[in-house]
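Q: Chain by chain, the residues run as shown.
2 protein chains.
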Amino acid sequence: MSSAVHSTEEYDMDIRSLSSSHRHPQDAPYVHKVGLPPKQNLFKEFKATVKETFFADDPLRSFKDQPRSKKFILGLQAIFPILEWGRSYSFAKFRGDLIAGLTIASLCIPQDIGYAKLANLDPQYGLYSSFVPPLIYAFMGSSRDIAIGPVAVVSLLLGTLLQSEIADPVANAAEYRRLAFTATFFAGITQVTLGFLRLGFLIDFLSHAAIVGFMGGAAITIALQQLKGFLGIKKFTKKTDIVSVMHSVFASAHHGWNWQTIVMGVSLLSFLLFAKYIGKKNKKLFWVPAIAPLISVILSTFFVYITRADKDGVQIVKHIEKGINPSSVNQIYFSGDHMLKGVRIGIVAAMIALTEAIAIGRTFAAMKDYQLDGNKEMVALGAMNIVGSMTSCYVATGSFSRSAVNFMSGCQTAVSNIVMSIVVFLTLQFITPLFKYTPSAVLSAIIISAVIGLVDYDAAYLIWKIDKFDFVACMGAFFGVVFVSVEIGLLIAVSISFFKLLLQVTRPRTAILGKLPRTAVYRNILQYPEATKVPGVLIVRVDSAIYFSNSNYIKERILRWLIDEEELVNKSGQPKIQFLIVEMSPVTDIDTSGIHALEELYRSLQKREIQLILANPGPVVIDKLHASDFAQLIGEDKIFLTVANAVAACSPKLMVEVV
Amino acid sequence: MSSAVHSTEEYDMDIRSLSSSHRHPQDAPYVHKVGLPPKQNLFKEFKATVKETFFADDPLRSFKDQPRSKKFILGLQAIFPILEWGRSYSFAKFRGDLIAGLTIASLCIPQDIGYAKLANLDPQYGLYSSFVPPLIYAFMGSSRDIAIGPVAVVSLLLGTLLQSEIADPVANAAEYRRLAFTATFFAGITQVTLGFLRLGFLIDFLSHAAIVGFMGGAAITIALQQLKGFLGIKKFTKKTDIVSVMHSVFASAHHGWNWQTIVMGVSLLSFLLFAKYIGKKNKKLFWVPAIAPLISVILSTFFVYITRADKDGVQIVKHIEKGINPSSVNQIYFSGDHMLKGVRIGIVAAMIALTEAIAIGRTFAAMKDYQLDGNKEMVALGAMNIVGSMTSCYVATGSFSRSAVNFMSGCQTAVSNIVMSIVVFLTLQFITPLFKYTPSAVLSAIIISAVIGLVDYDAAYLIWKIDKFDFVACMGAFFGVVFVSVEIGLLIAVSISFFKLLLQVTRPRTAILGKLPRTAVYRNILQYPEATKVPGVLIVRVDSAIYFSNSNYIKERILRWLIDEEELVNKSGQPKIQFLIVEMSPVTDIDTSGIHALEELYRSLQKREIQLILANPGPVVIDKLHASDFAQLIGEDKIFLTVANAVAACSPKLMVEVV
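Chains as they are written, first to last, in UniProt numbering: chain A, 1 to 659; chain B, 1 to 659.
So that you can see chain A by itself, here it is in the shape it has in the complex:
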């Protein structure tokens, strides 16, 4: 501890140089007092808390100081943003939207047919879900770039959850479909409710790392499911875990694989992946991967039609119902056991759908620098799912892949969704019979090439680099999905995320501070090895609000620092610790348990003849220290504005013994 001894000389100098830095060098060091914030009345305080919790984004800002008629218009515009941006809509913008809309339509049609299968529904329900929901969203949503429709992960999740309630989706097709609409309805209700009650922050509880892992796992699971169509297997497991699927695949290797299907699948997948590669290499050719799926559908359908390969065992779509969405209002269960199941499934699907849509919305909003109100988005997404559930749609949300294509194709507003919706309408009305000979293999290939992008190695590597704990959450979610099921993966992701938060509030960090040479700044000695401790003084910083969940730990941790330090001091024969300075800058709040812990700390220190000194308590904390009379207990003069001031105040008493 030679550096500590050395610092004894520096110490004195720095205190003096600190004081001379003020404009009255002849005076005693100027010590600024710790401020007491102005008293707030209870109601105001409560209002401020509620505002920060639920209206952190200040959604009513534009309503302030406006006449009533204006407020009404603003209110309408808040619910239907199209009324706002529609007024400045121009032909130039429409050109962008038209091209983008046509591009995403060509991408969504084959995807929709495949995704419907993931949800164990007939292909037309995928198309239905790309017709009504995007229209509703275009009127109510505020994202300019999101592309609405069924997405792979939600389809898989919905399919898994529904199948766990209704074992055989083929035999009980009507019942299964009714439950799907019920779940969709309640997913919409959940989303609207969350948005309306401004509880949107709840989706933030799924951490980025957990989402990366979950999405990657879901993508692998979805790709594995496609092996059925890809290899032309007829008997396939209903489970989604990798072990069951691989078992199913290899058990049917002898007689269940269809070589014609495999040849077709492999060549189509190669074509799609090559198109993706081109799009990645040259950003200007982004439209190549976007229209490749449609081209491969057309080509392969035509090929099957002329070769009649379906007679050789190549599975085909066979039949897609013609015409637009029939009403499904009377199919939703509004009572009984099935309703409860629908509610449960709906809530889970709603949360995942929201997570995906809000993440997309925020990403593109940040890129184009416009504000997105998460809660308003939820209301829009929820409304679209409620209407959707009444028009034979299942849960729709924003799609990662299609939104990216939408953005790159130059979409300007949600009108691109309207264009896509119209194309899907025309398809449903006129073209569906043409899909009869579309082979299942092409759909499988399209889905594989679409979900493969969800496995985000780079993000996983970055997470590994930044935060090991996050990586555990990420991998937990990933392996949970791949080896067990989508639900378990989700549960693991949420549990690990929560555990981390609990750790944060039970085991906050503390640090020993030392003085940086040539400054009056005190910093963590682990981060700044050149920082020196002040002899006779132990300076501890507490890095969290002191609440019931950690107050006891903090007290004991500080005492342990003290014991460690005293041992060290005894060994090296330095002056005894006489002052314990607790740097409170990061302590943003304290509750009754925290005050108790401080009192116990104070009494323990008293027994050891060590003075407790506080540095820089924040507004809330100083207020509570006074309210609880703790400030009076330790003495008002023991609370300082900065650590440097506190050390300076200790020094005259210390000098006597040190020198």
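If you're looking for bench data, these hints aren't it; they were derived computationally from the structure. If a hint is listed, it holds; no wrong ones were tucked in.
All copies of an identical chain are treated as equivalent in the list; a pair is satisfied when it fits inside any one copy or across any two copies.
List time: in silico SDA-like cross-link candidates among lysine to any residue, alpha-carbon distance up to 25 Å: (1) K638 - I525; (2) K468 - L502; (3) K571 - R560; (4) K33 - V540; (5) K276 - I298; (6) K284 - R95; (7) K280 - Q412.
For this one, chain A is given, so just place chain B on it according to the hints.
A: Frame of chain A, contents of chain B only:
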């Protein structure tokens, strides 16, 4: 904002005076660089986290650098602390323990009989639970002041929970008792497990405020239950909520009240309360309230015996089984549905019992300044309940009231528990028949006077003064217990506590900083109204680790501060904001979501031509900023040690436009 304008002059001066404070006044201002902590390897980091989470109190400290034989002895002493303190036990200490032991024995015998009734068990089970568990605890526990035995709140809780499973404790007495032992067994298992896995911090999740409310509510509920014995009512509701109880009381007012019982009850209660008052007034007379219950039992029993008041409808104890605890090993359910019920009830009872015992242990340990290892205590308490469940005891724990008496009677070690245990043993062996004529009214009076102290107005008032949110939790728990049930009260307490923690991690505080006049210190302008903003610079402090749960909020909140400030600046015609300094001192950690949020913030600011500057990131944060290449993105030279340094670095660029 005239003060902001005024500060422009000060600003320049202070920067200069700051720089002159260093020892090379002729040089450019000395700027200390932000330190990068030394690289830790992954395993070390993981080990440190695990250690802080589970072994924060460093329980193996004394084992370090010891030979193996010594380690074995230390290990034994760790499990049986009596081996350690027993060696220095002396006659002087025994005198204190003897007096204390006799005093708490006289207090516990009548209390035990009453508490057993709260748990719907025969009176002897209360006495059994004051015989075996204290003995076990004396060998394994490390608190010197705690008095072990059945307590009011746990008895009530156990009674309520058991009764919800077995409707009629009288008709199904044997089954009820078996379930009670099963619950006690699993309560013990829970406690040992928590202690052994060092999960003791879990009990910290019940906040002080919630406990105050819960205890107060339980006390009221218990007192209300005593109205049965106090008024001599025969038909009484089985529910515990105030509405049902009062209904029961007044419905029986016409013919169900027994005036002899009431007279006796009122006079005994007056006597007990008067004794309490004396004890409170004069601390030396603490023994008066301690022996008053026994005296009132003796007097009232004698009185009933000679007047044969039981023939006039005064309820008496009638029969207490003679002899010590019979074995109950074969009565515990180790399988089936009843076991599951036992586990569920046991876990709840274990947590409440631990909360009470640990709180008591800590309080007295702090008073006498010795360390108490919460996890080791849990193992001791659990072991004692496991043994207890096999010897016809129900859940025992540390009692608030008896521990206080124990402390004031001058107990020195856990030997006072052994003394009490011996007295209870003698009572069971020889004296129980004498309790035959003890009136129920005296037991009710004793329980009322005992639990009345659990209603802690002062603590509730202090909580109100310190933290309004805590007060809501306190009142929620209180009214939940009083108006609904013990379980609901507990649930409310835990939920509100959790909600508060979630709020902490989702909505952290942020503050705008200003410069304190005549210093280089930057502080919250709400707390220090004299602090002045630096023109052209916005300084925001984030008061929490940036995690997935709050990263998005923090980003949006900072942008909102910026928008507010820009509006203000535009109105007053001050220079445009060019720099945003984020003071990161309180940001103890950041995860991948947090880094993302910072990146989005950086990009948003870039669009507005505002530079992002970070001040004083901590060791973990700076490490992750580098690992994620965010430091390189914004530029290493944009990260400063202090806000003052950061402002100084902005100033040359600002001066051009300001001047």
